[in-house]
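Protein chains: 4
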Amino acid sequence: MNPEAIRIIVTGGTFDKHYDEIKGELTFTETHVPEVLKRARVSVPVQVELNQLIDSLYMQEANRQSVLDACKRAPERHIIITHGTDTMAETAKLIGSARLDKTIVLTGAMIPYKILDSDALFNFGAAFAAVQLLPAGVYISMNGRIFDWNRVRKNKTLGVFEEIQE
Amino acid sequence: MNPEAIRIIVTGGTFDKHYDEIKGELTFTETHVPEVLKRARVSVPVQVELNQLIDSLYMQEANRQSVLDACKRAPERHIIITHGTDTMAETAKLIGSARLDKTIVLTGAMIPYKILDSDALFNFGAAFAAVQLLPAGVYISMNGRIFDWNRVRKNKTLGVFEEIQE
Amino acid sequence: MNPEAIRIIVTGGTFDKHYDEIKGELTFTETHVPEVLKRARVSVPVQVELNQLIDSLYMQEANRQSVLDACKRAPERHIIITHGTDTMAETAKLIGSARLDKTIVLTGAMIPYKILDSDALFNFGAAFAAVQLLPAGVYISMNGRIFDWNRVRKNKTLGVFEEIQE
Amino acid sequence: MNPEAIRIIVTGGTFDKHYDEIKGELTFTETHVPEVLKRARVSVPVQVELNQLIDSLYMQEANRQSVLDACKRAPERHIIITHGTDTMAETAKLIGSARLDKTIVLTGAMIPYKILDSDALFNFGAAFAAVQLLPAGVYISMNGRIFDWNRVRKNKTLGVFEEIQE
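Protein chains in written order, with my numbering: chain A, 961 to 1126; chain B, 961 to 1126; chain C, 961 to 1126; chain D, 961 to 1126.
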C-alpha cells in the first residue's frame, strides 16, 4: 500500500476562519492547512492548492464551478476539499454529478481551527484516511461519518450532517 | 451506509499523558477519549473501554494479551485501540496473528493531546474513518497512512511509522 | 502583605467572546473568568460579579452607569473590570470622574480567551498584580502598561492603547 | 508614566519545558518568552537575556550566581527572572541579600506554557505589571500574589507559594 499523492483544494469555510483583532471579527487571511499537515506529521505526498478563501454561505455558482474545475484539472486521483459546512452538500452535488474517476472527500469544521475545542483537526484526519480508502466517488466526511454526495444534508438546527434518502 | 457501533479500547500511551504539576512530570490520570469524541461531534455510536493507562515501553506480554482479550470479547466488529507508539507494532502483531473477523485499527500520538501542536486529534480522526472503511484485519493508522499489522515499524530516530517488507 | 480580597466585575468584551457553531459567529454565553482564576491558581480571595456580557461598542450610558454603580457598591477596595477594548477608555473616564476611594483596574483582550494566541490571560494577570499594588484611582492595564484613566486612548488602527496628554 | 525598559532574564524552569517527541519526555530547546511578549502585544521596551535553560531542581550555586551576576550587570532597573518553581525562593534569597537598587521579580509556571491550561501567561503578566509598580527589592510573583524574597516558600504538597514569617 504505497501512498499515492493527495491534492488538497482549499476553499476556506469555518475551518480557516481567523480572528482579526483590529476589525474584531472573523475573517480570512490564509489557510491553516500547511500547518495542519506539519502538525499531523503526514508522510503521504501532498499538494495544497488555494482555490479560494470564502464563507460557503457566500459561494456563488462560479465559486462552485471553480472547485469542480480544480478537481478536473488535478493530476491526483485522491482529492480533499476543505469547505464551509453551510453549502458543502451543494458543492458535493455539483462535483458528484460530474462523475469524475477520482476519489473526492469534502470536509470542514464547525469551529475554526484556531479556536480551542475545534473539530477541524479530527475532521481533516478522517478525510485524510477516507480519501485513501474509498473507491472513486464524491463524499462528505463530517461527524466521524462518511456520506455519499447525493444522500447528505447539514441539519442547521443541530449543527450535524445527516443521511437523507436519495 | 448506516454507521455501525465502534468500540474504542484505551491503553494509554502518549495520547493520554497528562502533566502532573505537583510531581512535575508526565503521568496518567484518565483518558481524554470521551472529551475527544465530544469535541469531534461524532454521530456514530461509540463504546469507550478503559483497558489500561500505560506507557507502551512498559507493556509486558500480559498487557498485550489483555488488549487482545478485549478485542475478542467486543461485540462490535469495528475497534479502535489507542496505544503508545513505541510498541504499537508489537501489539498489532499479536492481535493480527489472532486472525479475528473484525476491523481493528491502532493509533496514538507523538505529542500528548493536552499539548499544543499535538497530532492526537488528527490521528484519532484518521483511525475513526479507517475503521469504518477497511475490511476485517488489523492496521496501524499513523502519519496519515494506513499500515498492515505485519508490514509496519516505528522508526524511532525519525519518529514516524514506515512500511517494511513482510 | 496579607492579600486583600479582589472583586472582579465582568462586562464581557472580546475577552469573553465565544464561537457559536450553530450561528457561525462570535457571541456571549458566559464568562471565562472563573476558569481563568482556577487555571492561574490564584490564592487571593476573589469575588466574581457578572455585571453584563456585552460588546463594548454597543454600551450605552446606562451600561457604563451600571459598572460605576457596581464599583460604588463593592465592599472590596480592589476591583478589576473586564471590558471590551473599544470603549474601555470611556468607561474608565466615567468611573475615574467619580473619585472613589478604591483601586480600580480595567482590562480586556484583543483576541478572545478561547482563541489560540489570545492575550487575555496575560492582561488579566497584569491587572491582577496591578490592582494590588496601585494607590486608589482608576487605571487601564493593557499591552503590559498601566495607564491613568484620564490619559489613555485606544489607537484603533494599531490595536494598542497609548498615553495622551491630559 | 513613560514605560522604562524591562530586562527579562530567562533561566528555564517548567515555564519553558517542551515535549521532545523523539525522546518522549519534557526537555528544553529554547525559551518561549519572545513568543509570549508578541502574543501579549506589549508596548514596553524589553530586553530578553537567555541566561540558562535548566530545571531549577538541578541548579547549583554557580547557576544561581550567574543569575545574580546578570542582575548586577543589567543596565535596566526593572528585571523579571523566569525560573523553575522548586528553588525559586532560594535564588530570590541570594539576589535579595545582595541589596541591589533595582526592582527584580521572579516568576515561573506550574504547568509548561505549551500545555493547555498553563498558568505561565497569567504569571508572566502579573510579573510584568508588578516589576513596573514595586519599589526596589526582590519579589516572587506567583498565584496572583506578590511575595517579599525573605518571606516566601513553595508548598510542594499543594503546589502553591505561601508567606512565611521572616
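Since the hints were made in silico from the structure, they are not lab data. Check before you lean on any hint, since a few could be wrong.
Identical copies go unnamed one by one, so any copy, or any two together, can satisfy a pair.
[Unchecked claim] The list that follows gives simulated cross-link-like pairs (lysine-lysine, BS3-like), each with its CA atoms no further than 30 Å apart:
(1) K1053 - K983
(2) K1032 - K1062
(3) K1032 - K1053
(4) K1116 - K1053
(5) K1032 - K998
(6) K983 - K1032
(7) K983 - K1116
(8) K983 - K1062
Could you check the structure against the hints above and give me the numbers of any it violates, in ascending order? The structure breaks hints 6 and 8; every other hint is satisfied.
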